[in-house]
Every structure is written in C-alpha cells, then in structure tokens.
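> Chain by chain, the residues run as shown.
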Amino acid sequence: MTIENGNGRGEVMVTEMTGKLNRWSTGRNRWINALGVASVLAIGLDVYLGLWVTPPDRVQGNLVRLLYIHPALATVALYVAFPLAALCSALWLWRRTRSSFFDRLAASSVEVGIVFIALTIVTGSLWGRPVWGVYWTWDATLTTTALLLLEFLGYVAIRRSTTDPERRARRSAIAALVAFVDVPLIQSTMVWWKTLHQKATVLLGSSTDIHGIMAVTFALSFLAFLLLFLWMLINRYRIEVIKDDMQGRTMEDAINNRIAESKVRIEDLLVKAPVSAGVLSSSTEDTREPNAGVVHTTSSRSASTELSPAVPADTFGSDL
Amino acid sequence: MPNSLILLNKVVSIVGQFPVLAGVSLQVDAGEVVLIEGPNGAGKSSLLRLCAGLLPVSRGDGQIFGFDLQTERAQVRRHVGLLGHSVALYDELTVRENLVFQIKAARGDTTRIPLALELLGLTGRLIDTRAGSLSAGQRRRAAIAILVARNPDIWLLDEPHASLDARARNILDDIILQAAASGNTILVASHEPDAFAGRTISVSGGVVVYDTAMDATPRAFKGPDTADSGEASMVRALSADGGGYHVA
Amino acid sequence: MWRDALLIAGKDIRIEMRSKVVINQMAPFALLVLILFAFALGPDRTPLINATPGLFWVAVLFSTMFAIQRSFSLEASEGLHDSIILAGIDPAGFFIGKLLAIASELGVLEILTAVGIIILYGAHIVSVLVLLSSCVLGTIGLAAAGTMYGALVSGMRLRETLLPLLFLPVASPVLIAGTRSWQSGLVGSHVSAAPWLWILVAFAVLYICVGIVLYGPMEDM
Chain A
1 MTIENGNGRG
11 EVMVTEMTGK
21 LNRWSTGRNR
31 WINALGVASV
41 LAIGLDVYLG
51 LWVTPPDRVQ
61 GNLVRLLYIH
71 PALATVALYV
81 AFPLAALCSA
91 LWLWRRTRSS
101 FFDRLAASSV
111 EVGIVFIALT
121 IVTGSLWGRP
131 VWGVYWTWDA
141 TLTTTALLLL
151 EFLGYVAIRR
161 STTDPERRAR
171 RSAIAALVAF
181 VDVPLIQSTM
191 VWWKTLHQKA
201 TVLLGSSTDI
211 HGIMAVTFAL
221 SFLAFLLLFL
231 WMLINRYRIE
241 VIKDDMQGRT
251 MEDAINNRIA
261 ESKVRIEDLL
271 VKAPVSAGVL
281 SSSTEDTREP
291 NAGVVHTTSS
301 RSASTELSPA
311 VPADTFGSDL
Chain B
1 MPNSLILLNK
11 VVSIVGQFPV
21 LAGVSLQVDA
31 GEVVLIEGPN
41 GAGKSSLLRL
51 CAGLLPVSRG
61 DGQIFGFDLQ
71 TERAQVRRHV
81 GLLGHSVALY
91 DELTVRENLV
101 FQIKAARGDT
111 TRIPLALELL
121 GLTGRLIDTR
131 AGSLSAGQRR
141 RAAIAILVAR
151 NPDIWLLDEP
161 HASLDARARN
171 ILDDIILQAA
181 ASGNTILVAS
191 HEPDAFAGRT
201 ISVSGGVVVY
211 DTAMDATPRA
221 FKGPDTADSG
231 EASMVRALSA
241 DGGGYHVA
Chain C
1 MWRDALLIAG
11 KDIRIEMRSK
21 VVINQMAPFA
31 LLVLILFAFA
41 LGPDRTPLIN
51 ATPGLFWVAV
61 LFSTMFAIQR
71 SFSLEASEGL
81 HDSIILAGID
91 PAGFFIGKLL
101 AIASELGVLE
111 ILTAVGIIIL
121 YGAHIVSVLV
131 LLSSCVLGTI
141 GLAAAGTMYG
151 ALVSGMRLRE
161 TLLPLLFLPV
171 ASPVLIAGTR
181 SWQSGLVGSH
191 VSAAPWLWIL
201 VAFAVLYICV
211 GIVLYGPMED
221 M
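Protein chains in written order, with our numbering: chain A, 1 to 320; chain B, 1 to 248; chain C, 1 to 221.
The set of hints was computed from the structure by calculation and includes no laboratory data. Nothing here was measured: the structure is a model prediction, and the numbers come from that model. Hints are not guaranteed to be accurate.
[Claimed, not checked] Derived lysine-lysine pairs resembling DSS-like cross-links, with alpha carbons at most 30 Å apart: (1) C:K20 x B:K104; (2) A:K243 x A:K20; (3) A:K243 x B:K10; (4) B:K10 x A:K20.
[As the list claims (entries may be wrong)] A few chain A residues facing chain C, derived, Cβ under 7 Å: (5) L93; (6) L150; (7) E151; (8) G154; (9) S161; (10) I174; (11) V178; (12) V181; (13) D182; (14) L185; (15) I186; (16) T189; (17) V191; (18) W193.
Note that the Cβ used here is the ideal one computed from N, Cα and C, for glycine as well.
The task is simple: from the sequences and hints, build the whole structure.
Spelled out as structure tokens, the structure:
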C-alpha cells in the first residue's frame with residue numbers, strides 16, 4: 001500500500017476512482033494489450049500506406065512521405081502530452097482533487113511526451129535539410145518546440161532530484177504549470193521574431209495536393225500515434241504504481257525498523273530503573289554510553305536492514 | 001473542543017523516505033512543561049518540528065490547539081514558537097533589527113522587544129551589533145529573546161541550553177517557569193534533566209517509549225486506543241516478546 | 001499582502017546595502033561579460049554595436065540568476081527558513097517582497113551595465129524612453145519568473161544547476177523582446193519597439209499572477 005495520507009483527505013470520489021484505475025492498470029488487462037496491438041497495427045498500416053501505396057508529391061517528391069509521421073508526432077506531443085501534464089498538475093494542486101493518480105499521470109505524460117517531441121525534432125530536421133537546405137533553422141515553430149523539450153527535461157530533472165513523494169508531486173506540478181503558461185508567450189514571440197515554417201494550411205492542400213489515399217494515410221497517422229501515446233502512457237503509469245507499491249512495502253519495514261531502534265532504550269529503562277520518574281531522569285546520562293554498543297548486537301533487526309540505527313534521522317531529510 | 005493543547009495519535013512522519021517519527025502518541029495539556037529526552041537520532045527534534053507543523057503527517061493524525069496538523073497547518077503555526085538547532089538570525093542585521101523583523105513578520109507586539117532584550121542580558125553595544133559577529137551563546141540568547149518577545153502559546157525548545165553559560169541557563173529556566181506559570185505550554189528537548197520539568201517523556205526510535213505522566217501521575221488517555229497502544233503497555237509488550245512487534 | 005511584501009523587501013534590501021554582494025560581485029561580473037564579448041567579437045566597432053542590445057540582455061539574464069540565488073540563500077539556513085514559515089507571512093506577500101528586492105537590485109546593475117556599454121562600445125541612444133521602459137518591464141518579468149523558480153529549487157541539493165535549466169528557457173521571451181526593443185532604442189533601426197514592449201508587459205503580468213496564485217501551495221513543502 002502506498003502512503004496516501006499526505007494528499008489532502010476526504011474527497012472519497014477521487015480516491016475511489018484512483019483505486020479503481022490503479023487496479024485496472026496494474027492487473028492483467030486485455031484492453032491494454034489490445035490497445036498495444038491496435039497501435040502497432042495502425043503504425044504498420046501507416047508505414048505500408050506511406051511508403052508503398054501513396055504516390056510521391058509533385059513538388060516534394062518522396063520527402064512528402066514524412067507527412068505521415070512528423071505532423072502526427074508533433075500534434076500528439078504538443079497538443080496532447082503537454083496539456084495533459086499541465087491539466088493533471090493543476091488537478092493535483094487543487095486540494096479537492098489532489099490524488100497521487102494525477103501526479104503519476106502528469107509525470108508519465110511528460111516522459112512519453114519527451115520521446116514524441118524528440119522524434120518530432122529529429123523528423124523535422126530530416127525534412128528541413130532537403131527542403132530548407134539546413135538541418136536546423138531559427139524558425140518559430142522549431143524554436144518553440146526545442147524550448148518545450150528543454151522545459152520537459154527540466155521537469156524530469158526536478159522530479160528525479162526530489163525523493164519525498166509529496167514534495168516531489170508539489171514541486172513538479174508547480175514546475176509544469178509555471179512552464180506551461182509560458183508556451184503561448186514563447187510561441188508569439190518566436191512568430192514575430194522569425195518564421196519560415198510551412199504554415200499548417202499547406203497540409204490542407206494550398207500548394208500540395210492531398211487527395212484520396214494520401215489524405216487517408218495522413219489521417220491514419222494521427223490515430224496511430226495517438227494510440228501509441230496512450231499505450232505508452234498507461235504502461236508508464238503502471239510502472240509508477242508498481243514503484244510506489246514497492247516503496248510502500250519498504251516503508252512498512254522502515255517504520256518497523258525505526259520502532260525497533262527503541263528496544264534497547266526500553267530494556268534500558270526496565271532494567272536500570274524500576275519505572276519511576278526520579279530514577280529515569282538521573283539514569284539517562286550514565287546509561288547511554290555503555291549501551292551504545294548493545295544496539296548492534298542485541299537487536300534482531302540490524303542485520304536485515306541498511307538503515308543503521310546509529311545514523312541520526314536528520315541525515316535522511318536531506319532535501320528539506 | 002480540545003482540553004489537550006497537543007494531541008498526537010500514532011503519527012508517522014516520513015521525511016525523504018525515512019520515518020523520522022514512527023507512530024507517536026502524545027497528549028499535553030495547557031500550562032504543562034514537558035521534558036523530552038532520548039538518545040541522538042531518537043526523533044526529539046522531529047517531534048518538536050511536527051508540533052510546529054513543519055513535518056508531514058504521513059499516517060495517524062494530530063491536533064495542535066485544536067487545529068489539524070494536516071489540513072490547518074497555517075493556523076497551527078500561528079500558535080507555536082520554535083527554538084531550533086540552527087539559530088534564526090540574519091547575519092547582516094543587528095540584534096535589534098532581527099527582533100523587529102521577526103516580531104513584525106509574526107504580527108507580534110514590538111513593544112515587548114526592549115524587555116525581552118534586557119531579560120536576556122542583551123544590552124548596550126550588543127543591541128546594535130550585527131548578529132554575524134556575535135558569539136554562539138549571544139546568538140542563542142538573541143533567538144530566545146525573539147521567542148520571549150513573541151510569546152507564542154506553545155513553546156518548542158530544541159536543546160535550548162546549548163552554548164549558554166551558567167548565568168544564562170538560570171535565566172532561561174526562570175523564563176520557562178514564568179511562561180508556564182502564565183499558561184504557556186512548553187516542550188523542551190534536552191539531554192539535561194532539569195528541575196523545571198514536571199513531566200518527562202522518553203523518545204526513541206521515533207516513538208514515545210516512556211512517559212512519567214503515565215506512571216507517576218496516572219491519567220486516562222482520552223484517545224480511542226488507550227487500552228492497547230498506550231506507551232506503558234508498549235513497554236510491557238516489548239519486554240515480553242523481546243522485539244519483533246509491528247505498528248498497527 | 002503589501003505589508004508583508006514591504007517588510008520582506010525592506011529586509012532584503014537592507015541586507016544587500018550591508019553586504020553589497022550585488023554591487024561588489026555582480027557588477028564586476030557584468031562588466032567582465034561585456035569585455036569578454038569584445039574579445040570574442042574583435043575590436044571592430046561595427047559588430048560590437050550591432051550586438052550591443054543582445055549583449056546587454058544576456059548580461060542581465062546571467063545577473064538575474066545570481067541575484068535569485070543570492071536572494072534565496074538568505075533564508076537557506078533551516079532556522080530562518082522555518083521562522084519565515086512559522087511567522088505566518090502571506091506567501092503572496094513574500095513573493096512580491098522578494099520580487100521587489102531582486103528587481104531593484106537588478107535595476108542598479110542594469111544602469112551600471114548600460115553605462116559600461118555606452119562607454120565601451122560607443123553605442124548611440126536614440127530613445128531613452130524605449131530603453132528605460134524595456135528595462136523596467138523586462139526586469140520585473142525576469143524577477144517574477146526567477147523568484148518562482150528560485151523558491152521552487154531552494155532547499156534542493158542540485159539547485160545551482162537546476163535553476164538555469166528551468167529558468168533560462170522560460171525567460172527566453174524576455175531576452176528576445178528586450179533585445180528587439182533595445183535595437184530600436186539604441187541603433188534606431190526600423191524595428192518598432194511597441195510589440196516587443198507588449199510582450200514584456202504580458203510576461204511580467206503573467207508571472208506576477210502565477211506567483212501570487214502558486215506561491216502559497218509551493219511554500220508549503
């Protein structure tokens with residue numbers, strides 16, 4: 001079991017929903033497997049249609065085949081992954097909907113989003129090299145996307161360097177929102193700054209003819225990558241749940257070990273002092289030293305754990 | 001509703017994946033002076049920080065002044081003053097400036113500042129000396145002066161005697177007794193058994209293992225789990241089976 | 001909120017007046033950046049003058065990071081961090097206070113840097129008003145976003161490396177808009193300053209709002 005206590009209480013509905021979703025996603029689940037199969041099939045079909053069935057473009061030749069990958073990747077990353085992460089972060093911060101579900105989902109969405117954004121940038125520069133003559137150009141859309149990738153990476157960095165679950169959720173949720181509100185601003189700045197990118201209208205056929213099978217393949221690519229995103233997202237979420245579960249279990253041990261540290265002290269109190277207030281206070285100073293060594297030898301738990309009782313608790317609160 | 005100012009019920013507090021508190025139950029009434037003792041790393045400081053609303057409540061629940069430690073931390077903090085290991089002074093500000101800032105920040109009564117400074121023997125040249133150039137003992141006295149001037153309902157003192165000379169220790173003890181007499185509740189974590197404490201609790205392994213109030217002056221715990229998890233019975237349980245017990 | 005803001009700002013500025021960290025360390029650093037750029041771009045006046053607006057804002061951006069780190073190091077000790085929380089200071093007030101202190105420190109720094117640029121690079125001022133308003137707006141925006149991130153990473157072990165990673169991408173609109181408006185104010189090229197100043201306004205307003213709303217939940221860590 002995970003430590004759910006820190007996440008705002010009450011709000012039974014959210015907790016229940018989270019529980020159900022966790023069970024649903026971690027168990028053997030044929031819907032998830034079906035989703036995986038569907039996404040692989042859809043991508044396979046997209047590749048087949050894109051490479052063999054659709055004709056080359058009049059202007060761009062075979063390069064046009066990138067049309068069946070790049071826009072879909074970008075759309076999923078920019079319009080699904082990032083907004084989803086921001087939404088989940090906001091829901092986590094709002095006390096009434098606070099639940100580890102949203103924290104995990106936000107984190108999963110960002111991580112899968114990073115893969116999609118990175119692929120977007122790679123396929124974009126592959127496309128840009130022959131069309132624009134350079135791999136990289138300081139174009140608005142490109143630069144915005146690159147900055148988004150950096151912000152995503154910052155989010156992951158802040159997540160990785162915080163261990164306390166509650167604090168990690170809080171920090172990353174705020175990081176996601178603070179970065180998210182910047183996106184429209186970055187976008188408009190970049191557009192005014194410089195733009196070269198093909199307007200999205202190109203895809204609707206102003207200079208390029210998209211007809212019949214090309215349109216079908218183009219539309220299919222969006223579906224295929226969306227399915228892939230969802231499948232990866234659910235699996236990433238699953239891993240988070242399992243990790244938290246393990247942490248919950250080790251936490252049980254840690255708490256029991258921590259309590260066991262008191263054993264020596266209690267024996268001390270019982271042996272040295274017939275329980276009474278006066279003797280207790282006078283015996284504290286002189287009994288501590290001789291018994292310091294006893295901690296390791298007599299207590300049964302010190303062998304089974306790496307948490308040495310000799311280390312003061314404060315050492316572990318390093319990210320306070 | 002609360003006849004106890006501090007009411008902790010099996011509180012587990014996890015900081016950075018380590019349970020600094022592993023199920024603390026404690027009940028303190030208004031006007032009590034409680035000495036918290038125990039070996040290094042036992043959880044004494046953590047217990048005080050928990051009561052100040054500075055540590056998360058991972059399991060169990062607790063109320064300070066009737067306010068929930070999880071959901072009403074802001075209200076809890078208004079009633080407590082904490083004298084921690086690390087002295088809360090800005091090095092670049094003078095003693096007086098530090099006090100004025102802290103008292104204003106806490107919306108306290110700034111007219112109490114001269115009195116507090118005098119009480120702690122911070123007079124003359126010392127008042128306008130930057131905190132950075134004070135000695136350790138003087139810094140601690142300044143920190144105590146902040147507490148005195150602010151006069152919160154609950155005083156949480158973590159090793160308050162550290163680096164104080166004999167004279168200052170006596171003054172501190174007097175201050176504590178006076179504050180308690182005027183109805184403030186005081187928790188002192190210390191290695192030094194002192195005359196002023198009417199009650200001593202032993203903390204070890206993140207739990208309260210012994211409480212003189214349970215024995216010398218028996219009192220009924222009003223919490224729901226009095227019968228089976230009071231600290232006195234925990235001592236008994238442990239001595240019986242030699243370890244290996246688990247938190248409920 | 002304003003009471004707490006002024007209290008915090010007053011305290012921070014008083015500490016800065018005493019310790020003079022910004023003046024004694026960051027101003028020489030900004031000057032050093034200007035000189036290093038001159039080395040990198042060569043002694044020719046033309047490339048230097050062309051690059052002047054960008055150099056100015058890059059210097060400001062780096063100084064901002066130092067100012068933020070310095071500002072949050074004041075409360076880095078556990079005792080002071082706790083005491084601020086226990087005092088029950090309004091989080092929005094704390095945010096505004098830090099923002100004001102950081103912005104005013106940066107303001108002093110910018111004046112010195114601007115003087116340095118005019119003397120070292122021989123830049124010609126076309127419109128003081130444009131330069132000044134772009135500085136004021138950009139600085140407030142940088143200080144607001146920077147305060148958010150400074151608080152977010154304060155208390156983390158890796159804060160020195162995390163701060164630039166998180167803050168610099170977010171601050172990029174200020175760098176671009178500030179540079180563009182300075183181009184119109186300095187060189188007097190055909191660039192119109194108005195849209196860029198609006199971006200600076202939007203950035204500042206956005207992050208002040210974000211700070212006021214989100215600083216409370218953030219501080220409770």
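> Compare the structure with each hint and give your call.
Do the hints match the structure? See the list:
Simply put, K20 of chain C and K104 of chain B have alpha-carbon atoms about 25 Å apart, close enough for the 30 Å limit, and the pair holds. Proposed proximity of K243 of chain A and K20 of chain A is supported: the alpha carbons are some 17 Å apart, at most 30 Å. For a cut-off of 30 Å, the pair hint linking K243 of chain A to K10 of chain B stands: about 26 Å separates their Cα positions. Proposed proximity of K10 of chain B and K20 of chain A is supported: the alpha carbons are some 28 Å apart, at most 30 Å.
Annotation: interface hint on L93 of chain A holds; nearest CB of chain C at approximately 5 Å, less than 7 Å. Look at L150 of chain A: its Cβ gets to within about 4 Å of chain C, closer than 7 Å, so that hint holds up. Taken as an interface hint, E151 of chain A checks out: its beta carbon lies about 5 Å from the nearest beta carbon of chain C, inside 7 Å. The beta carbon of G154 of chain A comes within 4 Å of a beta carbon in chain C, closer than 7 Å, and the hint placing it at the interface holds.
Look at S161 of chain A: its Cβ gets to within about 5 Å of chain C, closer than 7 Å, so that hint holds up. For I174 of chain A, the suggested interface contact is upheld, since its CB lies about 5 Å from the closest CB of chain C, less than 7 Å. Here the hint on V178 of chain A is kept, as its CB sits about 5 Å from the closest CB of chain C, short of 7 Å. Interface hint status for V181 of chain A: upheld, as the beta-carbon distance to the closest one in chain C is roughly 6 Å, under 7 Å.
Taking 7 Å as the C-beta cut-off, the interface hint given for D182 of chain A holds, the closest approach to chain C being about 5 Å. About 5 Å separates the beta-carbon of L185 of chain A from the nearest beta-carbon of chain C, less than 7 Å, and the hint is met. Taking 7 Å as the C-beta contact cut-off toward chain C, the hint placing I186 of chain A at the interface holds, the least distance being around 6 Å. At about 4 Å, the closest approach between the beta carbon of T189 of chain A and any beta carbon in chain C falls short of 7 Å, and the interface hint on this residue holds.
Taking 7 Å as the C-beta contact cut-off toward chain C, the hint placing V191 of chain A at the interface is violated, the least distance being around 11 Å. The beta carbon of W193 of chain A comes within 5 Å of a beta carbon in chain C, closer than 7 Å, and the hint placing it at the interface holds.
The structure fails to meet hint 17 from the earlier list, while all remaining hints are met.
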